[in-house]
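S.K.: One-letter residues, chain by chain:
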Amino acid sequence: MLTVRGLTCERNERVLFRDLNVELAAGGLLRIRGPNGSGKTTLLRILCGLFEDFTGEVEWADDTRFVFAGHRPGVNGALSAAENLAFLVGLAGDATGSRVVDQALAAVGLAGYEDTPASALSEGQRKRVNLARLAFVSPRAPVANRASIGGDDAAGPDVWVLDEPLASLDADGVHWVERQIGAHLDAGGAVLFTSHQDLQGRLPSQTLDLGL
Amino acid sequence: MTGFLLILRRDLMIAWRRPADVGNAVAFFVLVVVLFPLGMGPDRALLAAAGPGVIWVAALLSALLSLETVLRPDYDDGSLEQMAVSSRPFLPLVLGKIVSHWVQSGLPIVLLCPVLAVMYFLPADAIGAMILSLLLGTPTLSLVGSIGVALTLGARKGGTLLAVLILPLYVPVLVIGTLMVAAGAEGASYTAHGLMLGALLALAIGFAPLATAAGLRLSIGR
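Protein chains in written order, with the numbering used here: chain A, 1 to 212; chain B, 1 to 222.
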């Protein structure tokens, strides 16, 4: 799904990584590790096309769709949790009814907060609104594996690119993200993530250590 | 729903919930235009001569004031990043942002100006010219201004930089717009001015969204 060849990136006259090669196939779980400032976020941003000051090749397989969850949740304070999620999902080009959005919010523990303005939500809750997109798993999944959301008409991206998905989440939230990642991989999706913690119950098929 | 409509609908919803954000700029326009005659005294000839310029300068500064409110919050909270990585084409999303700025800041000014123009003793012909000139000119202000915002998003206090960058590009619109209203006031034909404003608008529609999209990508990718 994703091939990276000879990726080298230099920032502020410091080489972050040199000649990096990555091959991510369906069902692959890639963890990127490294101390603060080692270039984990920069690497993810390069892969998503948000940062272009690098040499080397980044190649996504045709028709691969990805979702990117960065440090900033992309949640507007004036809109309600449901409106924010509907917008984020709509950006990906997926049509969603309000029922599906409410179900996804309920899945991340935000039932009852659908109409609350995001400015009244906590940092962790805003992060949950963003991560609720992970309730929509890969379209290739057999119906039984499509978590509990949406049924046939809910399709999500193939590759999840997650920057510190577990940061500022409580134990329940962490557990939910881990379960979703498992379901997504079983469904034939792939996940790239940076984290300082290990995922419970799921070992990365590859680990990339930066800044060594 | 297309990307353009998705953005437009969301932005107008945000503006509806938080009217103070963009309402500030419209209020600024109204205050300047209302206070000016009070300061100048009730001299009919003087006010009629100054009116077109005052209204156009106020419209221009008000556009400058409100430009950031449409893009800056999205940059800060990460929504802009999400738009850039989304599977939708970026350009219609950017165009949606620009149009939403005009609907929030330019359109109210166009609607308010006939009421305010009365304070300047402008003849009916001049008011027609004013509405038309603002209708053709304010979208150009939104389009061109968005390029400046896109480039200065990365700077924390980009306000002054934005003004320095954008005001020179606003000058042709200001000059032609003012002349158009003045021509209307004298009862002369203002077709030529209207055509020139239209040409500037056509030029801005062609180039500004592309430049803004490129500028936004630069600002995000840092």
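Hint data in this document are derived by calculation from the structure and do not stem from the laboratory. There's no promise every hint is true.
[Unchecked claim] Quick partial rundown of chain B residues pointing at chain A, CB under 7 Å, derived from the structure:
#1 10
#2 18
#3 219
Values in this document were obtained by computation on a predicted structure and should not be read as measured data. We put the beta carbon where it would ideally sit given N, CA and C, even for glycine.
S.K.: Against the structure, test the hints numbered earlier, and report the numbers of the ones violated in rising order.
M.R.: Those not satisfied come down to hint 3.
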